[in-house]
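J.: Residue-level listing of the chains:
Protein chains: 2
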Amino acid sequence: MQNFSIMQKKSAQITEVGKQMDSPKVEAIVFDAYGTLFDLESFARDAEKVHRGKGKEIARIVRQKQLEFAMTRTILGKYADFETLTRNAIEFALKETGIKRTDPVVENLFSKFQSLKPFKDVVGALNDLDELDLRVAVLSNGTQSMLDKLIEHAGLSLLSEEVISVEGAKAYKPSHKAYQQGQSELEIFEKEKVLYVSGNTWDVAGAKSFGFLAGWINRTKQPLFDEGFYEFRPNYEFSSLGEIAKLFE
Amino acid sequence: MQNFSIMQKKSAQITEVGKQMDSPKVEAIVFDAYGTLFDLESFARDAEKVHRGKGKEIARIVRQKQLEFAMTRTILGKYADFETLTRNAIEFALKETGIKRTDPVVENLFSKFQSLKPFKDVVGALNDLDELDLRVAVLSNGTQSMLDKLIEHAGLSLLSEEVISVEGAKAYKPSHKAYQQGQSELEIFEKEKVLYVSGNTWDVAGAKSFGFLAGWINRTKQPLFDEGFYEFRPNYEFSSLGEIAKLFE
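As given, the protein sequences belong to chains A and B, one line each in that order. If you're matching positions, the first sequence starts at 1 in the numbering used here and goes up one per residue. If you're matching positions, the second sequence starts at 1 in the numbering used here and goes up one per residue.
No lab work stands behind these hints: they were computed from the structure. Here a beta-carbon is modelled for each residue, glycine too, at the ideal position from N, C-alpha and C. Mixed in with the good hints, there may be bad ones.
What follows is a list of derived Cβ distance ranges for each label pair [unchecked claim]: (1) B:99 <-> A:102: 55 to 61 Å; (2) A:191 <-> B:189: 40 to 46 Å; (3) A:52 <-> B:133: 53 to 59 Å; (4) B:115 <-> A:123: 47 to 53 Å; (5) A:52 <-> B:240: 31 to 37 Å; (6) B:100 <-> A:107: 43 to 49 Å; (7) B:192 <-> A:123: 52 to 58 Å; (8) A:52 <-> B:48: 25 to 31 Å.
Partial selection, computed: residues in chain A whose CB lies under 8 Å from chain B [unchecked claim]: (9) 65; (10) 67; (11) 74; (12) 85; (13) 95; (14) 227; (15) 235.
Turn these sequences into a full structure, and let the hints guide you.
T.: Written out as structure tokens, the structure is:
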């Protein structure tokens with residue numbers, strides 16, 4: 001149990017907004033997409049409309065399998081694009097929930113995954129960051145095509161300039177190769193000049209391990225950073241994306 | 001959708017027992033532990049006894065988080081042992097299911113994870129393989145201490161000689177390093193002389209990718225090998241561990 005108490009102590013090192021006065025010197029705020037800007041609960045609700053009583057379970061399985069497929073392939077060095085993995089995950093979820101797999105059923109769920117809704121705090125946060133003249137980008141495991149459609153559908157025009165897919169790296173986050181792809185496309189020489197924000201703890205851990213400043217968006221108020229990644233704690237913890245701009249005021 | 005049809009065709013290459021007459025020339029049958037020899041449903045039932053109405057959810061979350069932590073750490077090259085990750089996963093599951101975390105509550109669930117029950121087909125299958133004079137081993141992400149306790153508790157003395165943990169590799173399956181650790185400890189020069197059997201599709205994919213002969217134990221009769229790993233299909237698919245010995249009769 002020694003581990004636990006060491007880690008409890010470390011939790012004090014996470015800066016909560018309002019408790020630190022020095023603004024970080026960053027050149028760009030980079031957001032993860034799925035689970036950070038875009039709400040996977042909206043996929044569950046959309047899936048529920050066509051598959052009554054099974055929407056939540058479908059969404060949970062799709063997300064879990066996307067992650068399992070992406071991580072396994074990254075470990076094996078055998079990349080397949082995120083559109084393929086997402087369709088694979090949908091097919092698996094259909095099987096698990098006892099829904100007959102047909103092309104239209106798969107396509108319907110895939111199109112719903114392409115029209116995820118942004119979290120409520122996204123539009124305001126992007127406007128605030130824009131007013132502060134901060135450079136804003138997206139770095140996601142999704143394909144370029146998936147990301148462009150997602151952002152267009154949500155009308156997030158402030159993001160449309162710098163949308164980076166890990167496709168070029170042929171490795172998924174949390175691999176350093178994926179964050180390297182982001183850094184290269186951003187053309188930012190110093191890693192710590194990037195504030196990378198994600199709602200996924202394995203992604204926060206990866207970005208921190210790579211060398212970015214890392215922010216964890218923890219909307220559901222989990223009391224501690226995910227116990228499995230103690231030594232990769234984020235530099236910042238936010239309860240709403242709106243808090244990011246406050247760091248720079 | 002081209003991918004899908006290619007992969008559908010490939011499924012015909014999986015040998016089902018009874019359809020092939022030539023016995024594979026193997027020196028050892030190597031089993032995964034969690035989800036292959038040992039039934040994680042028994043953890044759900046044991047957890048249910050102390051946390052009414054939450055046992056299944058606790059077991060699901062623990063398994064998912066163990067996997068997420070292990071894969072993330074393997075990708076980042078930051079190993080922590082499986083006992084630590086399991087405790088971390090239990091703590092996360094307690095939080096998610098709204099159970100107050102105390103040391104005794106964590107210890108109680110951890111001890112239940114150490115006393116998983118073997119699947120019903122395990123004892124008979126091990127006896128059959130022993131009669132055929134086949135060498136049998138275990139290769140698991142668990143620590144040596146966890147595995148020794150698990151096997152002792154289940155009384156699987158036929159397995160007690162060759163129980164291999166990935167600890168020495170400091171990387172988890174499906175990393176090639178983990179299977180390499182198994183191959184080295186077994187001292188088997190040719191990879192294809194090992195028949196590796198797992199119920200976890202990411203593990204089957206990893207073993208196949210490494211070069212072992214791979215068997216998938218698919219007790220719940222999923223109709224196809226897990227869609228996310230088409231190009232790592234197993235050489236054999238078993239509906240019961242009892243079918244393995246039949247390959248060698």
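J.: The structure should be examined with respect to each hint, and the outcome stated for every one.
T.: Now for the hints, and whether the structure bears them out:
1. B:99 <-> A:102: 55 to 61 Å: Distance hint for residue 99 of chain B, residue 102 of chain A is violated at roughly 41 Å.
2. A:191 <-> B:189: 40 to 46 Å: holds, 43 Å
3. A:52 <-> B:133: 53 to 59 Å: Between residue 52 of chain A and residue 133 of chain B, where Cβ atoms are some 55 Å apart, the hint holds.
4. B:115 <-> A:123: 47 to 53 Å: Taking Cβ atoms as reference, residue 115 of chain B and residue 123 of chain A lie about 51 Å apart, which means the hint holds.
5. A:52 <-> B:240: 31 to 37 Å: holds, 35 Å
6. B:100 <-> A:107: 43 to 49 Å: 45 Å Cβ-Cβ, so the 43 to 49 Å window holds.
7. B:192 <-> A:123: 52 to 58 Å: holds, 56 Å
8. A:52 <-> B:48: 25 to 31 Å: At 28 Å between Cβs, range holds.
9. 65: holds, 6 Å
10. 67: Given a least distance of 7 Å, the restraint on residue 67 of chain A holds.
11. 74: holds, 6 Å
12. 85: For residue 85 of chain A, the interface hint holds, since the closest Cβ of chain B sits about 6 Å away, which is under 8 Å.
13. 95: holds, 7 Å
14. 227: holds, 4 Å
15. 235: Check failed: Cβ of residue 235 of chain A comes no nearer than 17 Å to chain B, outside 8 Å.
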